[in-house]
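Working from the sequences, and respecting the hints, build out all of it.
Here the protein sequences line up with chains A and B, keeping their order. Heads up, the first sequence is in the working numbering, so the first residue is 1 and it goes up one at a time. Heads up, the second sequence is in the working numbering, so the first residue is 1001 and it goes up one at a time.
These aren't lab readings, by the way, just hints derived from the structure by calculation. Please note: incorrect hints may appear among the correct ones.
[What the hints assert, rightly or not] Below, a list of computed lysine to any residue pairs in the SDA-like style, where the Cα atoms sit at most 25 Å apart: (1) A:26 with B:1196; (2) A:122 with B:1230; (3) B:1291 with B:1492.
Just so we're clear, the structure is a prediction, and the values are computed from it rather than from any experiment.
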Amino acid sequence: MNLKFDRMASIVFLALGILVVVESQKISTSAYGSQIGPSTFPIGLGIILIILSIFLFIETIKHKATYKIVGEEEDIKSPNYKRFFIIFIAALGYVLLLEKLGYLITTFAFLVIGFQTLEKGKWVPTIIIAATFSAFIYYGFVNVLGGSLPGLPFL
Amino acid sequence: METIQYLMNGFAIAFQWHNILFALVGVIIGTAVGVLPGIGPMSGVALLIPVTATLTSGLPVEMAATSSIILLAGVYYGAMYGGSTTSILLNTPGESSSVVTTLDGYQMARQGRAGAALSIAAIGSFVAGIVSLIGLVLLARPLSKIAINFGPAEYFSLMLLGLAAVSGLAGKSITKALIMTVLGLLLGSIGIDAVSGIARFTYDQPVLFSGIEFLTVAVGLFALGEVFKTIFEKDGSDEPIAKITRILPTKQDLKDSAAPIGRGSLLGFFLGVLPGAGATLASFFAYITEKKISKNPESFGKGNIAGVASPESANNAASGGAMIPLLTLGIPGSGTTAILMGAFVMYNIQPGPLLFEEHPQVAWGLIASMFLGNLMLLILNMPLVRVFAKIIQTPKKYLLPIIIAISIFGVYAVQYTTFDLLVLLACGVLGYYFAKNDFPVAPLVLALVLGPMIENNMRRALTISNGEFSIFVEKPLSLVFLVVAFLWICIPLVLKLRGKNVIINEEG
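Next comes the structure, spelled out in structure tokens:
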């Protein structure tokens, strides 16, 4: 458990609750004259969220002692963070380029980056597995099952 | 007798060659999902929805739905079989419902009795699967006959009970679980309101009109969240995998485990029927019960076969029991059944009391195929246990990026938008941070599925009562549901305040 995270989360959820209640007022009311409109449910939820986030904030104060105050916080520069960032950025690029470059190229590139980030070297199995996986999913899904995926950009 | 007639028709559907194939593929993938530590039954089922949707695209809607659900349910109970394999051989549970199996299972493996432990787990799972199916067959029609008289007020309260049950048992802090539930309900309200046709929280973005897709959120929170967690963790030390020498259990083993299997099956079934309890809790209770009634409780934790037989039967029975509220009431009691429900809805088939009237072939075909699937699992698991044990050795460096790629493929193949893929990645990161800080994610997914239904029923009930909220406490059944929901949240709170340990359910 992380005191800082919980406290921040309670503030974020409180803000979210208030935002929901405020934004729900803007939902246009329905035509027929029932007082239970499309905004009733979200407003109720927003109020519950506000109450719960206050509870959570109180809990973080009351149970301060039970939270472990240890320097377990992972260092931003630790190798695990670096691995995560590389893979996450690669996945983001994969997702954004999927429709432009097609499924085969982006999947192959993402897998090669992923495999090499987790363990450097062994290029031959890396390339074989990445290529087999991309080709297998693409041809299996498109040709055998009759689904549809973005193909190669120059065809 | 009518029930038997329906069941026979169900078998006629389950024995169609393509449905046999679907059940077989489902249980094999399910076993693999159970064995692999990275994917649980929940993300396994979610990832296969797009594949089954494409596989069945040539069939008429009802047949397509039957075949898809047969495969997806196979993944669900197949995972319960597979989960025991890693617990016994590696001392690392493949999914949370097999955590207690490690206590005695791994000890048995160290004593060279791995084969016996694995086969008892498979036999126990089979017996339990059959017991829970018989329960399902007997209870399905009576329960749906009761449920058919429910009005919107009863439904609203019953669904609230489902959410309360999942939240009350979901994590270390009930406040956090409730926050996640409310968050899920709010996410569910994004998009065009089904009653009035008015857009809510869409800010004129066309992609938001149809709402946030539950499949995207579920895969992100569960599958990607788990992958990110493994990337952050330092590489675990590789424990040696225990050797499997003899597969068949001895006569003494069978004699010692017969009674625990029976008790585990019954206990698991009843816990599975309760919304929110689920397989993890069932296996814990079964283990504790066995230890309590045993003549020599000190032998538990040292390789007592009852400590494997009972929890493994219980988790399988619970997964069968969990189908009852889903099929008869239309209310999923756990994360995985919530995803199965999403699959039903995708085919425009509403689970619930009318399912057995309007789509008997879907309902009974599924039930009959579960008999078949359990038999397949028993036959497959005995000789193939060595093959499945090999899956554990898949290096993580290949496994993790491939799970990410499959998640992206799965979501894209159903949604075809880059927006959903971005939501998927965001949910993955959120899922990791939420889980790390004890914010349970299962209530969020369940709330996302139930949200629109809860709101519709609430509004219908309030329209009937002219806006009087008292309708929810005036109807006796509705009042009962609300009181039980209230108690479900409060009793664990009170127990916690008195310093008791409360068992929580970490399964999806």
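Hints, verified against the model:
{"no.": "1", "hint": "A:26 with B:1196", "verdict": "holds (15 Å)"}
{"no.": "2", "hint": "A:122 with B:1230", "verdict": "holds (21 Å)"}
{"no.": "3", "hint": "B:1291 with B:1492", "verdict": "holds (23 Å)"}
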